[in-house]
Amino acid sequence: MSSDIEVIPEAAVPAAVPARLEWRVARVLSVHDETPRARTLMLDVPQWPGHQAGQHVDVRLRAEDGYQAQRSYSIASPLEGATVALTVERLDDGEVSPYLVDELRPGDGLEVRGPIGGYFVWHVLVGGPLLLVAGGSGIAPLMAMLRHHARADGAVRAAIPVRLLYSARTRDDVIYRTELEQLTNPPLVDVTLTFTRESPPTWTGYRRRIDNEMLEAVSWPPSAAPHAYVCGPTSLVEAVATSLVELGHTPSGVRTERFGPTG
Amino acid sequence: MQIEEMRLDGNAAGGVLRDVFAHDMTAAIATCEGCGKMGPIGALLDYAHGMGVVLRCPTCDMPVLRIARMHGQFRLDLSGIRWLTIPESTSPDRTDAMT
Amino acid sequence: MTERPFIARGFRGRRSESAEGHRLPPGQHETEDFPVLSAGPTPRTPLEGWDFTIRDSDGRSARWSWDELQALPHETPTVDIHCVTKWSKFGTRWEGVSVDTLLAAAASQGVGSAPFLLAFCDGGYTTNLPVADVMGGKAWVAFGYDGAALPPEHGGPARLLVPHLYFWKSAKWVRGLRILPSDSPGFWEQLGYHNRGDPWREQRYRGDP
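Residue numbers (this note's numbering), protein chains in the order written: chain A, 1 to 263; chain B, 1 to 99; chain C, 1 to 209.
No lab work stands behind these hints, which were simulated from the structure alone.
From a predicted model like this one, the values you see are computed outputs, not experimental measurements.
Ideal placement from N, C-alpha and C gives every residue a C-beta, glycine not left out.
Incorrect hints may appear among the rest.
As the list claims (entries may be wrong) - One-sided excerpt, in silico: chain B residues whose CB lies under 7 Å from chain A:
id	residue
1	Ala12
2	Gly15
3	Arg18
4	Gly42
5	Asp61
6	Met62
What the hints assert, rightly or not - Distance ranges between label pairs, derived from CB positions:
id	chain 1	residue 1	chain 2	residue 2	range
7	C	Pro181	B	Cys60	27 to 37 Å
8	C	Gly136	B	Gly50	28 to 38 Å
9	C	Asp51	A	Asp65	43 to 53 Å
10	B	Trp83	C	Leu72	47 to 57 Å
11	B	Glu4	A	Pro46	34 to 44 Å
12	A	Asp65	C	Gly137	56 to 66 Å
13	B	Glu5	A	Arg27	30 to 40 Å
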């Protein structure tokens, strides 16, 4: 560990992980359809200890006969808020996501446990530059990072440039599209979209899966030592992480979170 | 559907690892007994089997950490870890700390 | 922590209604899917390099290449399968060679008998069970599923099929059996899963009667 890292007093930084993780019954406050496939659930979680951008919760569903299923979902809300937002994408033959996207209603209870994670987390105190690469619903934890960045003190924020590269099937599948447009403020916050299935007729941007050439064009050079976070379908995450290392980025500077297969 | 497309990583095992270790383990750095490579537990490959947690080394596929849960007990096989470095705190100023 | 389990309103999961004429072991739910569960990456062994071996603890062995295995009599069992993660699937159709055939051939080649076996597989997976549980028409080395070649994600080119026990005993990517005088816990058994695994007695974990 380098001796010139500034030590931040513990009390100045909210605890990322409390002592004991209990299952709690959260109440669904509201639901918001982001795209035809994805919905954000706003949850009120009793005694929520707060969280860091990038962390997730485990969600558990139990049926009356004792059958149960459990999955993890990234927290999309910034740490500065009181409610916990989860953005869930429906997998066609999924067991849990169709229930969360299609069935769950405001007023319903939902068992959650968290916040979880100390590796795939980012805070302004970590610094930048910040490179975010998302595929599909992988944008959720990266959005928590972007929202946290947007709420940081002006001087702190100005010292941390952010570049987001976001791969979606079509324009209609871009989750948080309007908010991303509002947050776009180059060169401080730069958002690049690429569409893999269908793009608008007037689109002049990328129209393919993320590859080395695109990453090299969008990202900083390895000499800038960006903090990179890659999240989305497993195949995308592994390809992008491999590409970033091939382009010369230090493996320890590239953090990954795999979401499994796409729908 | 290829098994490799379905795999997750140590992040997904974060909840059960918290149950076992009463501490975040995803940021802990493990040295693989099989190939000697070091990396965060969050970057290990999780095949999400259902019978237990099996986290494998992304370089050599060795099971680094295995956990099963039954009859009120956790049963762990840590023989795939040679050394384990666990940060005392997961405060943001320490998230990039490496040995 | 909640004392009564919280029931998620309207959640059923992916389960189907129980079919007539099949029995579910205790604690199981029927599914029409065939979930792909794996504890590791899919091995991809070319058939030219594939073989199946039965070896005793004195080192005597019998070995079959892929072609030699295919030349043995094939059977086409239709069986119910039960996974310890609580799903059961009825009426699955397989093609393979009976383990009885292989054990008899091994015995005729001087391979000794013993009460236990450890199945070993590409990728390092192992599972143990009593030899009696693979005799008498109860087990196969299976290479066909649902009328086609067994796909790699389900254990192809060949897997062990022992449907009267929990399905983790039906080792995917099987390459042979070690015949042993004492029980030697395999991959999941080392972590506390049952050495035998009878779903009708709910033998999920060590210590279950």
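Now the hints, each set against the structure:
1. Ala12: Holds, because the Cβ-Cβ distance from Ala12/B to chain A comes to roughly 5 Å (cut-off 7 Å).
2. Gly15: Hint holds; Gly15/B Cβ to chain A Cβ min 4 Å, cut 7 Å.
3. Arg18: holds, 5 Å
4. Gly42: With a minimum Cβ separation of about 3 Å from chain A (threshold 7 Å), the hint on Gly42/B holds.
5. Asp61: violated, 14 Å
6. Met62: violated, 18 Å
7. Pro181/C with Cys60/B: 27 to 37 Å: holds, 33 Å
8. Gly136/C with Gly50/B: 28 to 38 Å: holds, 30 Å
9. Asp51/C with Asp65/A: 43 to 53 Å: holds, 46 Å
10. Trp83/B with Leu72/C: 47 to 57 Å: The hint (47 to 57 Å, Cβ to Cβ) holds, given that Trp83/B and Leu72/C are roughly 49 Å apart.
11. Glu4/B with Pro46/A: 34 to 44 Å: At roughly 39 Å between Cβ atoms, Pro46/A and Glu4/B fall inside 34 to 44 Å, so the hint holds.
12. Asp65/A with Gly137/C: 56 to 66 Å: With a Cβ separation near 34 Å, Asp65/A and Gly137/C fall outside 56 to 66 Å, so the hint is violated.
13. Glu5/B with Arg27/A: 30 to 40 Å: holds, 35 Å
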